[in-house]
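Engineer: For the record, the sequence lines run as chains A and B.
Going by our numbering, the first sequence opens with residue 1, and the numbers climb by one from there.
Going by our numbering, the second sequence opens with residue 1001, and the numbers climb by one from there.
Where hints are given, some of them may not hold.
Unchecked claim - Which residues of chain A face chain B? A few of them, derived with a C-beta cut under 7 Å, are:
#1 A140
#2 A177
#3 L217
Claimed, not checked - Derived list of chain A stretches under chain B, where covered just means 3 residues or more per stretch with a C-beta under 8 Å from a C-beta of chain B:
#4 86-94
#5 99-113
#6 184-198
Keep in mind the hints are simulated off the structure, nothing from the lab.
Ideal placement from N, C-alpha and C gives every residue a C-beta, glycine not left out.
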Amino acid sequence: MIGALASSPPLASIGGALEFIFTPQTSNVTGGKTVGGIDQVIELTLNQLELTVLALALSVVIAMPIGLYLGHRGTGELFATVIGNAGRAIPELALIAFMAALIGVGVLNLTLALAILGIPPLLTNSFVGIHQVDRSAVDAARGMGMTEFEILRKVEIPLAIPTLFAGIRSATIAIVATATIAPIAGVLTLGDFIINQNVYGDNGVLAGAILVALLALTLEFSLAALQRRLTSKGLKLNPA
Amino acid sequence: MANPALIAAVGEVGKGFIHERTSETLPCQATDKLFCWGWASEHINRYETPTLQHLELVAISVLIGFVIAFALALLAHRHHWLQPPLLAGTGVLYTIPSVAFFFLLLPLTGRGEDTAIIALSAYTLQIIFRNTMIGFANVPRAVVDAARGMGQTDRQVLWRVELPLALPEIFAGLQVATVSTVAIATLAAFAGGGGLGEPILKGGISFKTNLILAGGITFLIAVSFGLILFALQRLLTPWRRVTQT
Chain A
1 MIGALASSPP
11 LASIGGALEF
21 IFTPQTSNVT
31 GGKTVGGIDQ
41 VIELTLNQLE
51 LTVLALALSV
61 VIAMPIGLYL
71 GHRGTGELFA
81 TVIGNAGRAI
91 PELALIAFMA
101 ALIGVGVLNL
111 TLALAILGIP
121 PLLTNSFVGI
131 HQVDRSAVDA
141 ARGMGMTEFE
151 ILRKVEIPLA
161 IPTLFAGIRS
171 ATIAIVATAT
181 IAPIAGVLTL
191 GDFIINQNVY
201 GDNGVLAGAI
211 LVALLALTLE
221 FSLAALQRRL
231 TSKGLKLNPA
Chain B
1001 MANPALIAAV
1011 GEVGKGFIHE
1021 RTSETLPCQA
1031 TDKLFCWGWA
1041 SEHINRYETP
1051 TLQHLELVAI
1061 SVLIGFVIAF
1071 ALALLAHRHH
1081 WLQPPLLAGT
1091 GVLYTIPSVA
1101 FFFLLLPLTG
1111 RGEDTAIIAL
1121 SAYTLQIIFR
1131 NTMIGFANVP
1141 RAVVDAARGM
1151 GQTDRQVLWR
1161 VELPLALPEI
1171 FAGLQVATVS
1181 TVAIATLAAF
1191 AGGGGLGEPI
1201 LKGGISFKTN
1211 LILAGGITFL
1221 IAVSFGLILF
1231 ALQRLLTPWR
1241 RVTQT
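Next up, chain A with everything else stripped away, as it sits in the complex (with noise of 0.2 Å):
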């Protein structure tokens, strides 16, 4: 048993993934090939934010007209339930791979399926949304004159915020999270370091852990500060 133990391998350390995060090294299995290092940790940081704004874009642009509309219109909150719940039931990793399969890799292939992922929070989260809007304050708005289009815009939307926010950073941590599997698809993100433990040692995989794990906090905080900037100072007084 003491021998097992002895003879397993040598598991990451934190301080050795710092070390690999800042000071480039030469990986021990491919010969030679420096790794880690700022400038890679900076360069897979880029591409994985890069791929994570195209799908989230590409998200909101199909799955939010979608949802405003039906939430407006009161209809298709079956459509909308079912989208929903069918989306968490979708297996990141093999819908990655089916796509990339499908149809191949690349940035653009995955962009694609990433945004599958946010299409059902944010179809979701803007249908409640702007279907929870208070009845009387639409049918004040209608009274006063808007047009459909208007009551969206000026009375729906912004007491929708809180949600449709919620929607937004959903759909963002779901994308961001699965695009760290995106080197399966041939698009190097930090998921690179994790997923090629061959390649960058465990110290690389503890150090490609804590980088996306920093990264989806990030972004977690930033779009909840957003958030709070974004809704109108009457609904902040009012916590319903």
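The hints should help you fit chain B onto chain A, whose structure is shown.
Structural biologist: Quick look at chain B alone, frame taken from chain A:
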């Protein structure tokens, strides 16, 4: 027989992910076909062990997550000042991407099933905790006051009044947590935790039949769990069926 260019593509794209590429799987693996029925019917038993592992991972993780989150919710229900820090804490655990979480545990628990279970349980905490709190908050004050007026102790109010009335929200949380965990547990394969992600990683991204089978089984498990929990909630809260609009 098999297209050599495609085999080359398999090797290029899926590098590092094809550990076993035996000659029997190659013809199907290297075809353009979306789904080889022949291969699927012959090799369906390959998915038995990963499926059982997957179910085990999900069951244990959700159970642990539920026990912890529920205990935290009871605690926060009694001591309200605990709510914000617990929400923030579980929120951080929820935000950390699962793939990263598995490997943050690398220096502590290494690779394997235990690591996967810890990360997956941590992921469920936020959903179950938040929903349980919402459930308690939604219990009408008047009902609680009535129970007090009937002479019930705090403990009786909690277990006989508040908890049953909060069941729909608690179940909704359990349902979301379970369904998400089924999907996310495919990532446990990266950390050596087994499950249905393993055949996906082993087969590589060009092997569509394998991807459809493993992904499809996962999706079906998630949907079935979702429906079972929904049915269970309806069974446990018969009064809801009457008042539901």
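Engineer: Evaluate each hint against the coordinates.
Structural biologist: Here is what the structure says about each hint:
Checking A/A140 against chain B: minimum C-beta separation of about 25 Å lies over 7 Å; hint violated. With its C-beta approaching chain B no nearer than about 3 Å, A/A177 sits inside the 7 Å limit, and its interface hint holds. Residue-level restraint check for A/L217 holds (minimum Cβ-Cβ distance to chain B is 6 Å; threshold 7 Å). With a cut-off of 8 Å between beta carbons, the segment 86-94 of chain A has 8 residues touching chain B; three or more are needed, and the interface restraint holds.
Counting residues of the segment 99-113 of chain A whose beta-carbon sits less than 8 Å from any beta-carbon of chain B gives 4, enough to reach three: the coverage restraint holds. Chain B is given as covering the segment 184-198 of chain A, and this holds because 8 residues of the stretch bring a CB closer than 8 Å to a CB of that chain, at least three being needed.
Consistency note: the structure conflicts with earlier hint 1 alone.
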